[in-house]
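If you read the protein sequences in the order shown, they are chains A and R. If you want our numbering, it's the position in the first sequence, counting the first as 1, plus 2. If you want our numbering, it's the position in the second sequence, counting the first as 1, plus 448.
Rather than coming from a laboratory, the hints here were simulated on the basis of the structure. Just so we're clear, the structure is a prediction, and the values are computed from it rather than from any experiment. C-beta atoms are modelled at their ideal positions from N, C-alpha and C, and glycine is treated no differently. Any given hint might turn out to be false.
Claimed, not checked - Where chain A lies over chain R, by a calculated footprint (3+ residues, C-beta under 8 Å):
hint	stretch
1	505 to 519
2	523 to 536
3	604 to 610
Claimed, not checked - Below are the DSBU-like pairs computed for lysine-lysine, each with C-alpha atoms no more than 35 Å apart in a straight line:
hint	chain 1	residue 1	chain 2	residue 2
4	A	Lys-287	A	Lys-84
5	A	Lys-261	R	Lys-575
6	R	Lys-735	A	Lys-113
7	R	Lys-638	A	Lys-191
8	R	Lys-707	R	Lys-688
9	A	Lys-113	R	Lys-450
10	A	Lys-261	R	Lys-688
11	R	Lys-550	A	Lys-14
12	R	Lys-550	R	Lys-638
13	A	Lys-291	R	Lys-735
What the hints assert, rightly or not - FRET-style restraints, in silico, Cβ to Cβ:
hint	chain 1	residue 1	chain 2	residue 2	range
14	A	Pro-283	R	Met-449	43 to 51 Å
15	R	Thr-631	A	Ser-12	17 to 25 Å
16	A	Ala-32	R	Met-478	41 to 49 Å
17	R	Met-478	A	Glu-227	30 to 38 Å
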Amino acid sequence: MKKNSKLGLSDKMSDIILLVIIIALMIIIAYPLYYVLVASVSNPYDVYAGKTFLLPSDFSLKGYKAVFSDPSLYTGYINSIKYTIIGTIFSVTMLYLTAYPLAQRDLPGRKYISLFFIITMYFGGGLIPTYLIVKDTGLIGNMWSLFIPGGVSVANMILVRNYFETSIPHELIEAAQIDGCDKLKVFLKIVIPLSMPIMSVMVVFSMVAYWNDWFTALIYLPKPEMAPLPLVLRNILIKSSASATQASTISGGYAELNKLTEMIKFASIVVAAAPMLIIYPFVQKYFEKGMMAGAVKG
Amino acid sequence: MKKRIKANWQMYLLLLIPVVITFIYKYIPMYGIQIAFRDFKASRGITGSEWVGLQWFEKFFSSPNCMRMIKNTFLLSAFTLLWSFPIPIIVSLCLNQLRFLKLRKLAQTIFYAPHFISTMVICGMIKIFLSPSGGLLNLLMGTQIDFLTEASAFRTIYIVSEVWQHAGWGCIIYLATLATVDTSLYEAAKVDGASVWQRIVNIDIPALLPMAILNLIMSAGALMNIGFEKVWLLQTDLNKAASDVISVYVYEQGIEHAKYSYSTAVGLFNTVINLILLIIVNRIATKHSDVDFV
């Protein structure tokens with residue numbers, strides 16, 4: 003780097019170098035996703051022959067039709083939507099219930115209660131002891147096992163708490179208190195409405211976490227009809243097995259089935275990844291702000 | 449004091465449910481760790497099961513793959529850290545100096561994208577891209593190598609995909625830090641005739657340093673904490689020499705074979721090592737810099 007500055011690289015030259023680096027990185031990140039998208043609407047034989055590097059070949063939406071007509075994938079999709087909605091409401095509620103009281107500087111015992119939560123970030127019971135208590139409380143095979151045991155996200159709680167402490171104007175709260183509002187009313191009427199930037203980030207974080215989670219379901223939900231989408235995808239993407247229902251409905255024999263299995267692979271990747279990839283850009287502008295409020299400790 | 453507690457009763461009420469949930473699902477399992485020292489039988493409960501001392505730990509240390517697992521766990525996370533720590537810093541420095549603001553926004557959107565995809569989907573993509581018959585990588589190289597059966601390729605696959613997925617997201621915290629740099633510094637540097645590289649070296653890097661150190665410390669504290677999901681999904685019988693890690697073993701022994709006590713003991717061993725690393729690193733950090741955490 004020192005050499006460059008001695009050479010007296012002009013700003014224009016540096017601009018071009020930076021531009022090249024960034025565009026190269028954009029291609030590296032985006033291309034694999036683009037490739038899957040193109041492959042999902044192409045003939046799989048052409049994909050594996052290397053004919054779809056840039057554009058689809060033999061365009062068809064058969065893969066997508068197959069994804070949505072496959073009963074296990076369809077159930078998985080519905081399950082994932084259900085888990086994501088309920089889980090997000092639950093998690094964000096828990097965040098607010100925890101973050102607001104702990105943002106009160108005059109709350110007796112605030113330090114100890116914070117510590118009570120923070121310890122769980124660094125030390126835990128581990129897989130089996132947690133599994134045993136989930137079992138003892140009767141949550142195995144119950145949807146709520148996905149939400150309750152991990153329901154209080156301490157890292158996110160700290161971000162929200164710091165946001166409350168640093169980004170809500172004190173004058174506003176004091177004015178409300180002079181008008182006779184107690185803390186709960188301040189919470190409902192001032193803090194919640196003013197916390198939309200951080201709330202939207204937390205909603206997206208929660209949605210992404212629940213939409214993408216499969217490990218919790220793998221352990222706690224043994225029934226296949228309760229499996230969320232990623233877990234159903236495991237059979238298709240990782241184990242590479244076609245479902246029995248497809249095998250029975252295909253008339254063209256093994257080759258045709260094989261072709262359909264490959265199409266389903268690409269289409270199901272798109273179907274599983276697309277919702278979150280469409281949502282996050284809407285709150286992207288809040289990411290940095292929210293992270294910063296959390297990083298600069300209050 | 450009593451008055452203040454009374455005045456805050458609503459706040460305690462709000463905290464009630466989260467505290468109860470945390471107590472039941474985080475603290476009771478900590479108490480349950482003692483089954484690592486007992487021969488747990490479901491019918492006799494945690495405290496009713498027979499005390500066996502360090503039997504399970506001895507069993508683990510004398511198992512044939514013990515050293516391999518410890519080594520793999522450590523190497524996989526150490527090599528991952530080696531790449532995933534510096535790359536977001538370098539990328540943020542470049543992004544921050546990029547003057548085309550619209551392109552910068554677009555680049556950020558693209559860089560963040562893979563972070564929002566499930567590990568399951570990422571591993572599905574890895575399998576497809578690395579497939580020996582018609583996978584993208586083999587097509588580009590003109591070969592037919594089955595990478596996932598090669599133990600020597602496992603770490604590279606893991607690290608490359610990890611960096612591809614999360615390095616962009618890792619930039620956020622650095623970009624946020626760089627956004628707080630006083631713009632008058634840049635202007636003064638420009639007046640003095642400093643080039644972009646001089647601005648990066650003299651203004652940006654010093655601004656990032658505390659956050660970078662903090663990040664490094666946090667990751668170093670989690671050096672034995674390799675995630676279960678991706679390794680488990682990418683593991684094949686043939687790449688086990690490199691992919692056999694502790695977290696996968698804990699899962700297999702505990703959930704698949706229902707060896708509750710043994711699995712808990714292995715998991716506890718891993719947790720304790722992590723905790724020791726975290727404490728050591730924290731000590732060093734508070735001694736040598738002004739950053740403080742925990």
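- [ ] Mind listing which of the numbered hints don't hold for this structure, in increasing order?
- [x] 1, 2, 3 and 7
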